[in-house]
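Work the whole structure out from these sequences, hints included.
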Amino acid sequence: MKEVKNIAILGSTGSIGTQTLDIIAEYPQHFRAYLLTANKNVDLLIEQSKKYLPNKVVIADDSLYPQLKEALSGYPIEVASGSDAIAEFVCDTKIHTVVTAMVGYSGLEPTINAIKSGKTIALANKETLVVAGELITSLLCDSSSRIIPVDSEHSAIFQCLEGEKTEHAEKIILTASGGPFRTKSIEELKLVTVKDALNHPNWDMGAKVTIDSASMMNKGFEMIEAHWLFGCPSKQIEIVVHPQSIVHSMVAFSDGSIKAQLGVPDMHLPIRYALGYPERLATRQAPLTLSQYSNLTFETPDLKKFPLLSYAFDAIEMGGNEPCILNAANEIAVAAFLKGEIRFVDMPKLIAKTMEKISFITNPSYDDYVNTNIEARKYASSILTEF
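Under my numbering, the residues of the sequence shown are numbered 1070 to 1456, in order.
Among the hints, erroneous ones may be present.
Unchecked claim - As a list, the in silico DSBU-like pairs of lysine-lysine whose alpha-carbon atoms are at most 30 Å apart:
#, residue 1, residue 2
1, Lys1418, Lys1374
2, Lys1277, Lys1185
3, Lys1328, Lys1240
4, Lys1408, Lys1418
5, Lys1185, Lys1264
6, Lys1119, Lys1163
7, Lys1185, Lys1163
8, Lys1277, Lys1240
No lab work stands behind these hints, which were simulated from the structure alone.
This is the structure:
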């Protein structure tokens, strides 16, 4: 019998985190929840902790520590708070796989520590590679750690490349659902509400990722992530809109063939693959039936309606700290939109102004990334009232 893998879930109360716990519950003979962390959702973290009995639990918000500590006082669980505790706990030698499901920039430091500790990384936090892809790639070269992507698109590419020679792959084709505003005009986009933007047609995701999907920023981030994960120049990465979300991504090869990975739009599938790799774990989940999806269509994205996609290509072409600036400005823009402080169409304007303002650094260090993130967020926040 194989040894049970101890799993750390960074962001266990979010969409990816809760679905990862579903997989752990489905395969108790393979996986055990060892470390759970959350940002502010202390009630759900308490519930998860009592159900899965992890060794360690961390709440990022220090003010919620007393509530967490009291609720778990009768359980054999080590309780801590703060980002430093998360970054420290991922280094525990008993942890095999770290699922990085934290949202945004906050996932960078613990991912770096997990890599330095030689953990297998089930990467669901795309911002880690968007912000500091060059640094992460360098660290991986000096570590026994490896990344197994959890994003459905990157999982698809990873699977398509299994058993293939890298030099035979000519192009990565990332599919995008197009989000809820695919058929709206630029004029109509000026009037969309937060509720409209959160109504994704295919996927059940957290608010931040859902807004990024609606603006297609998410696909821009995924392009940058694919660049670093697979060593593929951005010029060899194509984005196609595929409204049905059945073909999760494709790889075109030098002999003219294209390999695609298909599946139902459900994140349990790529999470299961990442945790079980290199094995494919059998499941009772209903399989994809192609007769249900006889009409699979593909379109070219409209960059006039969704300029953030082109900003991502610009950022990775510039390199340096430019993607970090892009990510920081986008986090501020999305938060402001969700609060009703700016319109949906104001987000690209805010991000563009921030990218123009913040100083470019060709070869950033880790400290440069930290300072760039702070500076870009501060500037983006300062100009919110202009919109």
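Outcome of the hint check:
About 13 Å separates the Cα atoms of Lys1418 and Lys1374, which keeps this hinted pair within 30 Å; it holds. A threshold of 30 Å between alpha carbons decides the hint, and for Lys1277 with Lys1185 the separation of about 28 Å falls inside it, so the pair holds. Our distance criterion of 30 Å between C-alpha atoms is met by Lys1328 and Lys1240, whose separation comes to about 11 Å. Note on Lys1408 and Lys1418: the hinted pairing holds, with a Cα-Cα distance of about 17 Å set against a maximum of 30 Å.
This hinted pair does not check out: Lys1185 and Lys1264 have alpha carbons roughly 41 Å apart, beyond 30 Å. The hinted pair formed by Lys1119 and Lys1163 meets the criterion: a straight-line CA distance of about 20 Å does not exceed 30 Å. About 15 Å separates the Cα atoms of Lys1185 and Lys1163, which keeps this hinted pair within 30 Å; it holds. For the proposed pair Lys1277 and Lys1240, the alpha carbon gap of about 29 Å is at most 30 Å, so the pair holds.
Violated hint for the displayed structure: number 5, the only one.
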